[in-house]
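Work out the full structure, taking the sequences as your base and the hints as a guide.
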Amino acid sequence: MKECGVGQPLNQWFSDYLTGRSYRVKVGDTLSDRVEVRSGVPQGSGCGPICYLMHVNSLCGVLRHCSSYMYADDLCVLRAGTDINDICPLIQQDIDAVVKWSHDNGIILNADKTKLLVIRSPYSHLSISTPKLITHEYSCFHNHLINCNCKPVEAVNSVTYLGVKIDESFSWSCHVDYICSKLRILLSKFYHLSYKVPIKILRCLYLSLVESIISYALDSYGLTFKTYINKLESLQIRFLKLLVTKKTKISCKDDYRKLYKICKILPVHLKHTYLLAINQHGRKEHDLSIVTNNHSTRSVAAGKFNVPRVNNYFGDRTLKKRIPYVLNSLPADIRQENNKRIFKSKLKKYLFKILI
Numbered sequence: 001m002k003e004c005g006v007g008q009p010l011n012q013w014f015s016d017y018l019t020g021r022s023y024r025v026k027v028g029d030t031l032s033d034r035v036e037v038r039s040g041v042p043q044g045s046g047c048g049p050i051c052y053l054m055h056v057n058s059l060c061g062v063l064r065h066c067s068s069y070m071y072a073d074d075l076c077v078l079r080a081g082t083d084i085n086d087i088c089p090l091i092q093q094d095i096d097a098v099v100k101w102s103h104d105n106g107i108i109l110n111a112d113k114t115k116l117l118v119i120r121s122p123y124s125h126l127s128i129s130t131p132k133l134i135t136h137e138y139s140c141f142h143n144h145l146i147n148c149n150c151k152p153v154e155a156v157n158s159v160t161y162l163g164v165k166i167d168e169s170f171s172w173s174c175h176v177d178y179i180c181s182k183l184r185i186l187l188s189k190f191y192h193l194s195y196k197v198p199i200k201i202l203r204c205l206y207l208s209l210v211e212s213i214i215s216y217a218l219d220s221y222g223l224t225f226k227t228y229i230n231k232l233e234s235l236q237i238r239f240l241k242l243l244v245t246k247k248t249k250i251s252c253k254d255d256y257r258k259l260y261k262i263c264k265i266l267p268v269h270l271k272h273t274y275l276l277a278i279n280q281h282g283r284k285e286h287d288l289s290i291v292t293n294n295h296s297t298r299s300v301a302a303g304k305f306n307v308p309r310v311n312n313y314f315g316d317r318t319l320k321k322r323i324p325y326v327l328n329s330l331p332a333d334i335r336q337e338n339n340k341r342i343f344k345s346k347l348k349k350y351l352f353k354i355l356i
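According to the UniProt record's numbering, the sequence shown is numbered sequentially starting from 1.
If you are wondering where the hints come from, they were derived from the structure by calculation, not from laboratory data.
There's no promise every hint is true.
[Claimed, not checked] Derived Cβ-Cβ restraints for the label pairs, each shown as a range: (1) 249 / 325: 31 to 39 Å; (2) 225 / 181: 13 to 21 Å; (3) 105 / 45: 18 to 26 Å; (4) 45 / 24: 16 to 24 Å; (5) 75 / 24: 29 to 37 Å; (6) 55 / 227: 44 to 52 Å; (7) 108 / 227: 38 to 46 Å; (8) 325 / 345: 17 to 25 Å; (9) 339 / 180: 31 to 39 Å; (10) 180 / 62: 37 to 45 Å; (11) 2 / 197: 51 to 59 Å; (12) 90 / 204: 50 to 58 Å; (13) 152 / 38: 29 to 37 Å; (14) 103 / 354: 55 to 63 Å.
Using N, Cα and C, we set each Cβ at its ideal position, and we do this for glycine too.
See below:
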């Protein structure tokens, strides 16, 4: 706690809060003897998550060669490079450091849930078929890794992290398929509900159930190829058909995309634009710079941002490229709006205006 800047009297209060606790088990009408709780925090308490975060606060500090991202008890370790033979030994050193830290701090590392994902271009080939990384048990280090029987980390083609499926080519195809499967299940239920529930209630259900699934991490996976987004929009239109009257549906038979404006719901590709724009509003880490030139040009006059050049489709889908690209596509009065509430209102009106 001192490392996190927690001093007296809070330090003493937390110490008293966590010590002197016991538990017992009840089976039927029989109670076991009391047993002292020597580790952990009370479940369901407000202080529990805070105590855990302070406990693991120093974990990322042991990594010397990789960058890390933590959310609760999930740790994602990243290392970029051009030669996997050079990268693997460095990653192994950091894995060993995490194992030692876990042992010293009384935390068990779940080796079975640890996965290895090599993200690369689909046109490139690995110099080694399966990179070998091992989460050694702590006893292995005492034996200097002699007679080690620890299993290597499982190499996978895709991994689920915080509800998002990431594949080895970063195409988001697995995640889009995963979302489509969830939407198809909901679609069948909506179809049956459409005969029993008023359209207003069905719309509320759509906004709470369907939109929440589509919108989760959309500012990230929305950077995928248009063919994958079309899969989602095709399912989205099938939902919208259930949110209008039969007469309205027949009037839009020549082009069902008209239903977006009628239902006042943004298609997936414009929803991605909306989320990407509002999430970056007021943030400075993307280092946006205004176009400057010795000569008067339309970009300079409009106050547009510099869009960096990229060499491949990985670079084209980075936030560093997409954020200025999206902002430049907006009218100047929206792009230059500083008030976030007004910015969101203007942006949504503009996106509905450009709908067919």
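The hints, checked one at a time:
no.	hint	in the structure
1	249 / 325: 31 to 39 Å	holds, 35 Å
2	225 / 181: 13 to 21 Å	holds, 19 Å
3	105 / 45: 18 to 26 Å	holds, 20 Å
4	45 / 24: 16 to 24 Å	holds, 19 Å
5	75 / 24: 29 to 37 Å	holds, 34 Å
6	55 / 227: 44 to 52 Å	holds, 45 Å
7	108 / 227: 38 to 46 Å	holds, 43 Å
8	325 / 345: 17 to 25 Å	holds, 23 Å
9	339 / 180: 31 to 39 Å	holds, 37 Å
10	180 / 62: 37 to 45 Å	holds, 40 Å
11	2 / 197: 51 to 59 Å	holds, 57 Å
12	90 / 204: 50 to 58 Å	holds, 51 Å
13	152 / 38: 29 to 37 Å	holds, 33 Å
14	103 / 354: 55 to 63 Å	holds, 57 Å
Checked against the numbered hints given earlier, the structure satisfies every one of them.
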